[in-house]
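Visitor: So the chains spell out like this:
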Amino acid sequence: KNQVEQSPQSLIILEGKNCTLQCNYTVSPFSNLRWYKQDTGRGPVSLTIMTFSENTKSNGRYTATLDADTKQSSLHITASQLSDSASYICVVTSYGNNRLAFGKGNQVVVIP
Amino acid sequence: DGGITQSPKYLFRKEGQNVTLSCEQNLNHDAMYWYRQDPGQGLRLIYYSQIVNDFQKGDIAEGYSVSREKKESFPLTVTSAQKNPTAFYLCASTPDRGTEAFFGQGTRLTVV
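Protein sequence lines, in the order shown, are assigned to chains A and B.
Every letter in the first sequence is one number past the one before it in this note's numbering, and letter 81, counting from 1, is 81.
Every letter in the second sequence is one number past the one before it in this note's numbering, and letter 103, counting from 1, is 103.
Incorrect hints may appear among the rest.
Said to hold, decoys possible - Within a straight-line C-alpha distance of at most 16 Å, the following computed EDC-like cross-link-like pairs (lysine to aspartate or glutamate) qualify:
1) 104(A) - 24(B)
2) 9(B) - 39(A)
3) 70(B) - 38(B)
To be verified - Cβ pair distances, simulated, as ranges:
4) 16(A) - 16(B): 47 to 53 Å
5) 16(A) - 62(B): 46 to 52 Å
6) 45(A) - 40(B): 37 to 43 Å
Calculated from the structure, these hints are not laboratory results.
Cβ atoms here follow ideal geometry from the backbone N, Cα and C, with glycine treated the same way.
Construct the entire structure; sequences and hints are all you get.
Guide: The following block contains the structure:
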């Protein structure tokens, strides 16, 4: 079973609307959680990084939340733009080693 | 500018041939990784290296080989033993344990 589960697998939203992506993980012990944006055919680019003590972090129109007790994170996109169309990948690092656990990604399509 | 560079962007290979994908970084990072990405799946770890002249198998190492003779370089060879080599390959590096991974732009390998 994958240690990082993301939902929904894909979604289509209208330009200007908001959306929220979910990430549930079982990685333990926990070190940090990152959200990456991956455009088609490109490498992932980091959006946010959150450690155990942080529960909200923003990067422009992207806001990530983390509940380390329930092992859940969300990424909220505000006032979506066409350029937000991409795959959003949740990555969790376990404490004590250098291994990264990847979710399968949330595929977001923004339409005009 | 510092970064991580993969080449070539697109690669075609005949079945039964070995091929080497290049990954170079000038970020002075100790750890480097190779991932494979297939449609609808998360990134899967092929090999990783935490220091020069040392590397470890990831989850799907069969049919692949690597070397780490220099800190800056971590080439991946896809051998003829890899049964299904057509995929998008991503190289990444991290400066330290549990910190942000920086990704290259990827190499799309197609076996014809």
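Visitor: A separate judgement is required for each hint: does it hold in the structure or not?
Guide: Here is what the structure says about each hint:
no.: 1; hint: 104(A) - 24(B); result: violated, 26 Å
no.: 2; hint: 9(B) - 39(A); result: holds, 15 Å
no.: 3; hint: 70(B) - 38(B); result: violated, 29 Å
no.: 4; hint: 16(A) - 16(B): 47 to 53 Å; result: holds, 52 Å
no.: 5; hint: 16(A) - 62(B): 46 to 52 Å; result: holds, 47 Å
no.: 6; hint: 45(A) - 40(B): 37 to 43 Å; result: violated, 21 Å
Hints 1, 3, 6 from the list above are not met by this structure, while the remaining hints are.
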